[in-house]
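Colleague: Sequence:
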Amino acid sequence: MLPDYEKILRLLIQPEKDWSFVSLSFFAAFVIFYIIYIALGRTHRRLILTYVTIFSLFFAWKANGPLMVLLPATAIFSWWSTRQMMHSDRFRRLWLTVIIIVDLAPLLYFKYTNFFISTINSIVHSNFAPLDLLLPVGISFYTFQAISYSIDVYKWKFTSETPLPEYLFYLTFFPLLMAGPITRAEVLIPQLRHRLPTATTGKANPSIGLCLIIVGLIKKAVIADYIAQFNTWVFDDPTAYTGIENLMAAIGFTLQIFCDFSGYSDMAIGLAALMGIELRDNFNFPYQSLNPTEFWRRWHIALSTWFRDYFYIPLGGNRKGLARTCLNGFLTMLLAGLWHGASWMFVVWGAIHGTALAAHKVGKRLFLDRIPNTLFVRIICWTLMFTFICISWIFFRADSLPTAITMISRMFTDLNIHDLIAFAIARPLWLLIVALGLELHSIRHDDYNWLKNRFAALPWYVKFVIFAATVQLVINFSSLNVQPFIYTQF
Numbered sequence: 001m002l003p004d005y006e007k008i009l010r011l012l013i014q015p016e017k018d019w020s021f022v023s024l025s026f027f028a029a030f031v032i033f034y035i036i037y038i039a040l041g042r043t044h045r046r047l048i049l050t051y052v053t054i055f056s057l058f059f060a061w062k063a064n065g066p067l068m069v070l071l072p073a074t075a076i077f078s079w080w081s082t083r084q085m086m087h088s089d090r091f092r093r094l095w096l097t098v099i100i101i102v103d104l105a106p107l108l109y110f111k112y113t114n115f116f117i118s119t120i121n122s123i124v125h126s127n128f129a130p131l132d133l134l135l136p137v138g139i140s141f142y143t144f145q146a147i148s149y150s151i152d153v154y155k156w157k158f159t160s161e162t163p164l165p166e167y168l169f170y171l172t173f174f175p176l177l178m179a180g181p182i183t184r185a186e187v188l189i190p191q192l193r194h195r196l197p198t199a200t201t202g203k204a205n206p207s208i209g210l211c212l213i214i215v216g217l218i219k220k221a222v223i224a225d226y227i228a229q230f231n232t233w234v235f236d237d238p239t240a241y242t243g244i245e246n247l248m249a250a251i252g253f254t255l256q257i258f259c260d261f262s263g264y265s266d267m268a269i270g271l272a273a274l275m276g277i278e279l280r281d282n283f284n285f286p287y288q289s290l291n292p293t294e295f296w297r298r299w300h301i302a303l304s305t306w307f308r309d310y311f312y313i314p315l316g317g318n319r320k321g322l323a324r325t326c327l328n329g330f331l332t333m334l335l336a337g338l339w340h341g342a343s344w345m346f347v348v349w350g351a352i353h354g355t356a357l358a359a360h361k362v363g364k365r366l367f368l369d370r371i372p373n374t375l376f377v378r379i380i381c382w383t384l385m386f387t388f389i390c391i392s393w394i395f396f397r398a399d400s401l402p403t404a405i406t407m408i409s410r411m412f413t414d415l416n417i418h419d420l421i422a423f424a425i426a427r428p429l430w431l432l433i434v435a436l437g438l439e440l441h442s443i444r445h446d447d448y449n450w451l452k453n454r455f456a457a458l459p460w461y462v463k464f465v466i467f468a469a470t471v472q473l474v475i476n477f478s479s480l481n482v483q484p485f486i487y488t489q490f
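According to full-length UniProt numbering, the sequence shown is numbered sequentially starting from 1.
Misleading hints may appear alongside valid ones.
Claimed, not checked - Taking lysine-lysine and the DSS-like style, the derived pairs with C-alpha atoms no more than 27 Å apart in a straight line are: (1) 463 <-> 452; (2) 364 <-> 320; (3) 320 <-> 157; (4) 361 <-> 320; (5) 155 <-> 320.
To be verified - Label pairs and their computed distance ranges (CB to CB): (6) 450 <-> 421: 31 to 41 Å; (7) 92 <-> 43: 35 to 45 Å; (8) 25 <-> 448: 24 to 34 Å; (9) 317 <-> 108: 19 to 29 Å.
Derived by calculation from the structure, the hints in this document are not laboratory data. Remember, it's a predicted structure, so these values are computed and weren't measured experimentally. Virtual Cβ for every residue (Gly too), placed ideally from N, Cα, C.
Work out the full structure: start from the sequences and follow the hints.
Modeller: Next up, the structure:
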């Protein structure tokens, strides 16, 4: 029989299917990591960078097992080839093309091979067997981050030469690995040069980081995980449920995906802040949006700005007339939809948002800018926009177009006040959590920042009590199996 410490060591180093920020094993590993990190203090900068990089690679191993080798391989190739590009005037464009192709190759293979095979099968009625592929966790995020670095260097937006230890830190930084947010080199790398990663001011304040971790835990492990179970039942078989239940599941998933992904982003930004690293916000109260354009300036900001800067603007952006602007926006949303997953449903979802963006731009040109900006008008705009978002998320979540259409049909043709009463009686806690979650989303940005600063000013023992109460709340609400982060599959 193995000694206890050997069992613990084996458990610690073996990959985990559900490895995430809300797993007990990650929490234990991070506590050990952070104690040593603090102990290193203001030692040599290179030592701290190396230490964090080693832990980040360990994090990648826990999430992906042997497939984690793709991460350091991508990092080393991207760093070396970008360095060659910097010193080659004649073949600069060729180097960038090679970098993009090689960086994208693993992502395209693991994520889209079976999608391509199934599409060919449906078109030519063949029977090619799908490959047994396991999508590496976070591959879309670190691939896009690597490409953004190379393009920024190519366009002279990031001109300083980056040593390999700094680049490895940048691309492997563990809070960003599983689901971003995609972080530009200009945001992260200068922080490694101008100060040791132990700053305690601004958004890199560890107290603000702890606050964000608490908020993220509540969003993900309390709200999103709890309401996800009922949402899943309805989306799996909408015909088995009433119109009211279908409507509640659509509203519930609208809240679920926000709390799941923004909660993850909060925890990622918070973990970085504990280490003195400042990352930019990834969500800015998107369900307060009054139109599609505003929504995509508030939702998944890192991804939407990535597609804007590296796809939409190179296509011509809004510089070549209204028709071309609408087409560029539509194509960008199609690609963004396909990025989210190897399924035609994501393409449909992207097309829906691309059409909405085009309609809004045309409407602004024709008449929208002439409508007075009154409270009544804003209420109407918000109602229409939130309804559109709820319906569009159905296409994102449903496994097929008939399922999505069936669900929407039941929502609009099978509504009964008695079913609503019965639902409220049967699921009062679910309804309360959804109502509170949506209501809290209405908080103003300035008030939210004020609350974070008030938390940062509290005595340490009060912060500890709040954190302990949050952990207990998570334990009480957690299901037998923790729900995976939605965006880790992308």
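Colleague: Going through the earlier hints one by one, which of them does the structure break, listed in rising order?
Modeller: Nothing - there is no hint that the structure violates, so all of them hold.
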